[in-house]
Amino acid sequence: MVSDDTNRPNRRAVLKGAGIAGVALTAGCISTPEDGENGSGGDGSGNDSGGGEGNDSESGGGNGGSGSGPYTIGMVDSSTGSLSAFGQRNQRGKDLALARVNEVGIGGSDLEIIVEDSESQSQAGVSAAQKLVNQDGVPFVIGAVGSGVSLAIYQSVVEGTDVVQLSQNSTSPDLTDYPGLLRMSPTGETQSAALADIIAEDGHDSVAVTWINNDYGQGITDAFTNAWEGEVAFNNSHDQGQSSYSSTVSQLANSGADAWLFITYQPEFTTMAQEAYSSGYEAQFYGADSVQGPDVLSNTPEGSLDGMKLVTPSAAVDQDNYKEFASTFEEEYGESPTAWSAYAYDCVITAALAVATAAEFTGAALQETVREVTRPDGEQVTTFQQAMEALGEDGSASDIDYQGVSGPIDFDENGDPVGYLQIFTVENHEYTSTGFVES
Numbered sequence: 001m002v003s004d005d006t007n008r009p010n011r012r013a014v015l016k017g018a019g020i021a022g023v024a025l026t027a028g029c030i031s032t033p034e035d036g037e038n039g040s041g042g043d044g045s046g047n048d049s050g051g052g053e054g055n056d057s058e059s060g061g062g063n064g065g066s067g068s069g070p071y072t073i074g075m076v077d078s079s080t081g082s083l084s085a086f087g088q089r090n091q092r093g094k095d096l097a098l099a100r101v102n103e104v105g106i107g108g109s110d111l112e113i114i115v116e117d118s119e120s121q122s123q124a125g126v127s128a129a130q131k132l133v134n135q136d137g138v139p140f141v142i143g144a145v146g147s148g149v150s151l152a153i154y155q156s157v158v159e160g161t162d163v164v165q166l167s168q169n170s171t172s173p174d175l176t177d178y179p180g181l182l183r184m185s186p187t188g189e190t191q192s193a194a195l196a197d198i199i200a201e202d203g204h205d206s207v208a209v210t211w212i213n214n215d216y217g218q219g220i221t222d223a224f225t226n227a228w229e230g231e232v233a234f235n236n237s238h239d240q241g242q243s244s245y246s247s248t249v250s251q252l253a254n255s256g257a258d259a260w261l262f263i264t265y266q267p268e269f270t271t272m273a274q275e276a277y278s279s280g281y282e283a284q285f286y287g288a289d290s291v292q293g294p295d296v297l298s299n300t301p302e303g304s305l306d307g308m309k310l311v312t313p314s315a316a317v318d319q320d321n322y323k324e325f326a327s328t329f330e331e332e333y334g335e336s337p338t339a340w341s342a343y344a345y346d347c348v349i350t351a352a353l354a355v356a357t358a359a360e361f362t363g364a365a366l367q368e369t370v371r372e373v374t375r376p377d378g379e380q381v382t383t384f385q386q387a388m389e390a391l392g393e394d395g396s397a398s399d400i401d402y403q404g405v406s407g408p409i410d411f412d413e414n415g416d417p418v419g420y421l422q423i424f425t426v427e428n429h430e431y432t433s434t435g436f437v438e439s
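Residue numbers for the sequence shown follow the UniProt record's numbering, so the first one is 1 and each next one is one higher.
Hints listed in this document are in silico derivations from the structure and should not be mistaken for laboratory results.
Keep in mind the model is a prediction, meaning the values are calculated, not measured.
Check before you lean on any hint, since a few could be wrong.
[As the list claims (entries may be wrong)] Computed cross-link-like contacts, EDC-like style, restricted to lysine to aspartate or glutamate with a CA-CA straight-line distance of at most 16 Å: (1) K309 / E231; (2) K309 / E201; (3) K309 / E324; (4) K309 / D202; (5) K309 / E282; (6) K309 / E430; (7) K309 / E119; (8) K323 / D306; (9) K309 / D394.
Sequences are here, hints too, so could you generate the full structure?
Structure representation (structure tokens):
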């Protein structure tokens, strides 16, 4: 909440009707992104003005809720590169959430999000975040896809400042060691433990593991080997973006293990699966979250992955707010959302609620509210509109407990959320849900 009564947002006065169809939105902020686009305008910025001075709490975007300009935050996403499939889903979730926020408004002002491309690489992600923080002056950054990218942004740009960083898609257990780096997707610690249990339950006592050579791959693999009680016959990394992984595939086959675990990204796994199939190698495949996707199925031979089991972060698909989100997503995009879309959606709603309840539009003030708006002590709300109604004119961050479409959130002292995991099995070259695990 702003401290000056003359500038305090009158939330009830700005509530508008639900439904995104007839909403007038700021140009460049809401669109339906096509493949390879970030859904935020031709320059990827999400607005045309840029300029860090627009976010000063005394002028421009950060106007204390007086309605004379938008609140502008940033987002680093994977519009291109190995993780672009996740980035596209993120943008769709982000766009739906931004529409919901701007139907209601924050004290008469819109929320705008400047989107920059990490290219799925750490250095490009750091450059994107530097642009957002140093040039655009945003006090809040949603980002990024990939644990290594998120951690590089935090260490190079955010750490030691008041800027809030909330990652939409980072699961490495290593991020738990950086409590200033919040994330919406659950830690991979539980994902690794679930994989170890499933492989053992399937009767395997030896496993061969290959992992992408970055913080994500290292963190998930270390957590897996700590949880696994059998033999690790092969445990080696591979680089990102190679045209062939025949050597890695041969080493997996020569390890003697009949269970192969892939902790990598979709393009890399697709190449490995193609080369294993063409070489006639047979093994039981298992995978972490980032090897699953429709592009994997469409680019591998029919039946080549049947029987593969994957453990992925999951949204709370049994909740009514998720069902409403999924229905809207399907109407808008013609396909079901993934958990990654839900995480991006919840990042935007959480950011908007942090802005709405902060004393001023600064990083220091947002640090005080971003965790509180999801804490269990407040009144449970499942939409941005419900939250604003519950806050009224004088509410504070601790008065509400936003229950996300991805689940309860409830950031702990390490910045990790409560999370759900879903088990998928490839059957007839399609992903079939075969169970859930709560973290």
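For each hint, the structure was consulted:
1. K309 / E231: Cα-Cα ~19 Å, so violated.
2. K309 / E201: Given that 16 Å is the threshold and the Cα spacing comes to 12 Å, the pair holds.
3. K309 / E324: violated (28 Å)
4. K309 / D202: The given pair, whose Cα atoms are some 10 Å apart, holds under the 16 Å limit.
5. K309 / E282: Roughly 15 Å between the alpha carbons, so the hint for K309 and E282 holds.
6. K309 / E430: With Cα atoms ~11 Å apart, K309 and E430 stay inside 16 Å; holds.
7. K309 / E119: violated (28 Å)
8. K323 / D306: violated (29 Å)
9. K309 / D394: violated (50 Å)
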